[in-house]
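**Q** Put the complex together from the two separate chains, hints included.
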Amino acid sequence: MSNFLTDFPEMPNKQFREFKKGVDASYKDFAREWGDLIDAMFDPLLKMLVFFEKTLIATPWPIFMIVLLGLTYWGSRSIKLVIGTFLAFVFIGYFRMWDETMSTIAIILTSVIMSVVIGLPTGIAMSRSDRTQSIVTPILDVMQTMPPFVYLIPIVMLMGIGKIPGLIAVVIYAIPPLIRLTNLGIREVDKEALEAADAFGATKKQKLYQVQLPLALPTIFAGINQTIMMALAMVIIASMIGVKGLGQPVLQSIYNQYFTKGVLYGLAIVIVAIVFDRVSQSYGQRIQKHRSGKIV
Amino acid sequence: MSEAKIQIKNLYKIFGKNPRGAMEHVKNGVGKDELLEKHNHVLGLKDINLDIQAKSVQVVMGLSGSGKSTLIRHINRLIEPTDGSVTVDGDEVLKMNEEELRNFRRSKTAMVFQRFALLPHKTVLQNTIFGLHIQNISEEDANKSARRWIERVGLSGYENKYPQHLSGGMQQRVGLARALTNDGDILLMDEAFSALDPLIRKDMQDILLELQDELHKTVVFITHDLDEALKIGDRIAILKDGIMDQEGIPAEILLNPKTKYVKDFVEDVNRARVIKAKHIMSEINGQDLSGAMPIDQDDFIDRFIDKVISDKPDNLVIQDKDKKNVGFLSTKKLSEILKR
Numbered sequence: 001m002s003n004f005l006t007d008f009p010e011m012p013n014k015q016f017r018e019f020k021k022g023v024d025a026s027y028k029d030f031a032r033e034w035g036d037l038i039d040a041m042f043d044p045l046l047k048m049l050v051f052f053e054k055t056l057i058a059t060p061w062p063i064f065m066i067v068l069l070g071l072t073y074w075g076s077r078s079i080k081l082v083i084g085t086f087l088a089f090v091f092i093g094y095f096r097m098w099d100e101t102m103s104t105i106a107i108i109l110t111s112v113i114m115s116v117v118i119g120l121p122t123g124i125a126m127s128r129s130d131r132t133q134s135i136v137t138p139i140l141d142v143m144q145t146m147p148p149f150v151y152l153i154p155i156v157m158l159m160g161i162g163k164i165p166g167l168i169a170v171v172i173y174a175i176p177p178l179i180r181l182t183n184l185g186i187r188e189v190d191k192e193a194l195e196a197a198d199a200f201g202a203t204k205k206q207k208l209y210q211v212q213l214p215l216a217l218p219t220i221f222a223g224i225n226q227t228i229m230m231a232l233a234m235v236i237i238a239s240m241i242g243v244k245g246l247g248q249p250v251l252q253s254i255y256n257q258y259f260t261k262g263v264l265y266g267l268a269i270v271i272v273a274i275v276f277d278r279v280s281q282s283y284g285q286r287i288q289k290h291r292s293g294k295i296v
Numbered sequence: 001m002s003e004a005k006i007q008i009k010n011l012y013k014i015f016g017k018n019p020r021g022a023m024e025h026v027k028n029g030v031g032k033d034e035l036l037e038k039h040n041h042v043l044g045l046k047d048i049n050l051d052i053q054a055k056s057v058q059v060v061m062g063l064s065g066s067g068k069s070t071l072i073r074h075i076n077r078l079i080e081p082t083d084g085s086v087t088v089d090g091d092e093v094l095k096m097n098e099e100e101l102r103n104f105r106r107s108k109t110a111m112v113f114q115r116f117a118l119l120p121h122k123t124v125l126q127n128t129i130f131g132l133h134i135q136n137i138s139e140e141d142a143n144k145s146a147r148r149w150i151e152r153v154g155l156s157g158y159e160n161k162y163p164q165h166l167s168g169g170m171q172q173r174v175g176l177a178r179a180l181t182n183d184g185d186i187l188l189m190d191e192a193f194s195a196l197d198p199l200i201r202k203d204m205q206d207i208l209l210e211l212q213d214e215l216h217k218t219v220v221f222i223t224h225d226l227d228e229a230l231k232i233g234d235r236i237a238i239l240k241d242g243i244m245d246q247e248g249i250p251a252e253i254l255l256n257p258k259t260k261y262v263k264d265f266v267e268d269v270n271r272a273r274v275i276k277a278k279h280i281m282s283e284i285n286g287q288d289l290s291g292a293m294p295i296d297q298d299d300f301i302d303r304f305i306d307k308v309i310s311d312k313p314d315n316l317v318i319q320d321k322d323k324k325n326v327g328f329l330s331t332k333k334l335s336e337i338l339k340r
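Top line first, the protein sequences correspond to chains A and B.
Each residue of the first sequence is one higher than the one before, counting from 1 in the working numbering.
Each residue of the second sequence is one higher than the one before, counting from 1 in the working numbering.
By construction, these hints were calculated from the structure, which means they are not laboratory data.
These numbers come from a predicted model, not from an experiment.
Any given hint could be a false lead.
Here are the computed lysine to aspartate or glutamate pairs in the DMTMM-like style, where the Cα-Cα straight-line distance is at most 25 Å [said to hold, decoys possible]:
no. : chain 1 : residue 1 : chain 2 : residue 2
1   : A       : Lys207    : B       : Asp185
2   : A       : Lys207    : B       : Glu100
3   : A       : Lys191    : B       : Glu191
4   : A       : Lys54     : A       : Glu33
5   : A       : Lys191    : B       : Glu99
6   : B       : Lys231    : B       : Asp268
7   : B       : Lys231    : B       : Asp299
8   : A       : Lys191    : B       : Glu247
9   : B       : Lys263    : B       : Glu247
10  : A       : Lys207    : B       : Glu98
11  : A       : Lys205    : B       : Glu99
12  : B       : Lys122    : A       : Glu18
13  : B       : Lys17     : A       : Glu33
14  : A       : Lys207    : B       : Asp141
15  : A       : Lys204    : B       : Glu100
16  : B       : Lys231    : B       : Asp306
17  : A       : Lys207    : B       : Asp306
18  : A       : Lys204    : B       : Asp183
19  : B       : Lys122    : A       : Asp190
20  : A       : Lys191    : B       : Glu98
21  : B       : Lys263    : B       : Glu191
22  : B       : Lys17     : A       : Glu188
Isolated chain B (complex conformation) (with noise of 0.2 Å):
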């Protein structure tokens, strides 16, 4: 795999008062309840490493307290971290002056915020080619790009309105479009869709995975629901009180849980939908094949199941899109795998 486009590595935020002191105790193994209790700082993050891949969505997931808010804004340093390393294209970010750093957010990340974050007195478009505005970047320019992101998250028309006139979803739409108008690789969305009714968050969670498919951006995304996070993540990260429990793509996590935590997550989640055949099958080692039901190793579980429940075929054949056997699963294992 090539050099991730954003590393974090050693990551540590404690909030209080003397938080290089507090660190101590952290090292030491103090959790997050006793250091506030005994020592009055707030434990944020405690060693993050994580390596995002470019183009590639990354969830981070947690309950509120989490720390994941916290540490999406450690990539664009708006929080300052205790100790640690983040790099962007093997730029170190904490070690940028404020130019160097305004230089950075302008060209290279946008973010996307939870309660949109509009500014109230500019319209749509004005809203829209903020981050160009401020680049100083021509008018016209900024316009053209402007409006052609709203155009694609479908708010043409509305150009002219402000974002008081617009619902929830619309104005997460204008947040979006003004991130996109940035034209950075990086694209931050903390919780951006969290605070949308779920079937407005439905369609948005649409429209972003459509750009993506066509931008090929590096999102990070932000957020506490797992349905969205297994429907948009190609991988995802678990925080639990500033400590990341588990990494992976989305039906590793399921399928091998690594902490209670986890666990109690993953429990209630429809299986089937996220599970894909090649994620469960295994190698064939003249396993006898005759009679075998042909899967495409890409197909999820939910697209596969009628058919095997109708077929009753013992085994299945796994293939990939050549047609080439590369795997194989039993029905007996596959009804474990659902049951579980």
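Next up, chain A with everything else stripped away, as it sits in the complex (with noise of 0.2 Å):
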């Protein structure tokens, strides 16, 4: 009776061995007769991850240069920005990091585009149910509590070691925000515009891109920058199933003790970040010059 009490009624040793078997082999199972497949489909987003990175990796730098103090420009407007992105990218450059940073930015890239893919649909399903809003809400808790090494276990389980589990790892970890937001830019809106939009007889679909979007895109926009940085941030991670990039070094710098090597690639990372933070943070906020009082 007292070891009830002090001791949580647990089940038992040899039953629990055989769950845990019992789930890790129907998995195995699962995984060695949908992997391939599961493989196959992934091939597109593998043949443009690849074509990021040896696109980028190619490019002549000074190309690369012109090119994204250009981007850098268009989204700001801002000189300052752009000289600071220059030699930010003058460091990594001299510091013998340029490759890393293009696979780097090209997984980052890709992420980015397939998390605003599903991201985007996603946030405006749950904007107009309630329903969906209340399934989907957990979801998004579990993936940004759940820590990442955890689901890296079944994502390499089921594909092995390589880019596109470590692009589905930085995926999961980086869509919810933008879903999120997507989700509460929409229902925002201002219900007196919606009101007009209705009186005047507009459509759902006209409702949704005439006045919930374009109203909604600078809330939707904080969740494209929020998608961003949680990449960045998992490029580390991702780099421990075979993603190429800046994280390897400093993975490597881990194991080895590589003081010096560590902190500049980590820089690198820093760098990167907090270009593509400001960039699309100005950018965001340009897109809704309409809202100041300022006269354009």
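**A** Written out as structure tokens, the structure reads:
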């Protein structure tokens, strides 16, 4: 009786072992059966990622620099930011981290595109039905709180080590803010603007494209910005399952205690993050200039 | 009188979880406060009957919470009623399916909102053509029509500005231009000028009256301001707690308020500016009219009061526009009406 109070009534050891074995075995069977098919399904994505990576690495650095600085200026209209970006990438190149940076940018680009493609419709669906919202929200909660290492296990079991499992892990980690903020942005759209659209006889689709999405855009943009940041934060973890880029040298540095190398590559990740963040944020602010009181 | 343009019959609206169930209580005479307290439902409208004639301005007046904004939203069915009927040109609005309703809203009605409800990401011109744009009318035609109305409301030169760059009065001009560009017969104006400064409000009222002179739309105008109601309305309906207290022409409401609520409302109004000679004249009936001062029947009291004071006639004779005598008014009665 006293045992009952001090020790929680546990599953017996033998049964627990059987349980774990059973689940593992059935998942392994599933992986064996479907792994190839799932691999094949993700093939186009792999091709896109490899294409980005190869193109970025093959592009002569001055051209990349011109394009990057051009995009920075187009996004932010700030000379200061352009100069900062230039110096940051000179640092990256001079300290021999150019190719790894290109690989990282390729995976960030691919995972952000994938996040937007999946996340935007999901967020819209959530905003249109309270039921969908009540189903999706707990899934997002799990995705955001589950340690990435845990979902790496089944992904690696299913698809092995490589770029695609890494990409999936990054997307799982990075997509929730985009979905949440898309949902929030659309739900927060001024009820009166919607009522006006109704009163003039707009269809659901017209309301979505002409009222809800444009008015939610700044919030959606904050979501994309968050997604970019979180994707960058995943680079090191993704490198553990074979994603090339700035993460791998950092991982090596941890195992071998290369202090300088670790710090340099760490700084490179920070640089990419800051540049992406500033540019996407100022772009986000610029597209809503009509909200300010300033005469444009 | 011809068939009314908009007919509202036995309209009920109850907000809450089970409006149909709460209907029973309302029909048994439970009032707004009791319904909320005992049955947890809000009475929006109770048994509203209103005929709105084509080409007239019908004002619906009441304080906040009286249900006036709810009522106007039933005409284009932005709100579903609990019970009753709304017909426009003989068509039952409440029986329309989604597509019919959309076409009805696109072709027959246009609405102006209290807080403008402009789209902040669109320019003045884009906002103005919104109603036509969603009907897939060619950009060129839509722009032409929109520019005409933008000019008409006095916003030429502001076509490419965003709403945030305009003052409240200017924003509401855009709202008005947007509604006019849609070219429906019916103009629904939900406290359209209430958010504006008094001077700008007066400007907008004048613009509306001027446009109405020319366009002859059927206007339903919601307001909480009696002066505005008297200035704009051909007829006024007064709502209180979801019930229509009185409906009639402005002079009738001023002269014969039916309930205490209406009486309180109209007490401080300057009658001389609202009441016309014809509203207060009596039949001639062999009355001796020698020495009586002739007055046009459509003149407001304040148009002829100065002359009455200086000339001190005993009687006034009221004439129509062909100078035919149609009635008489003693100065004693006139002074009583003004004193009351």
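**Q** When the structure is checked against the list of hints, which entries are broken? Sort them ascending.
**A** Hints 4, 8, 12, 13 and 17 contradicted; others consistent.
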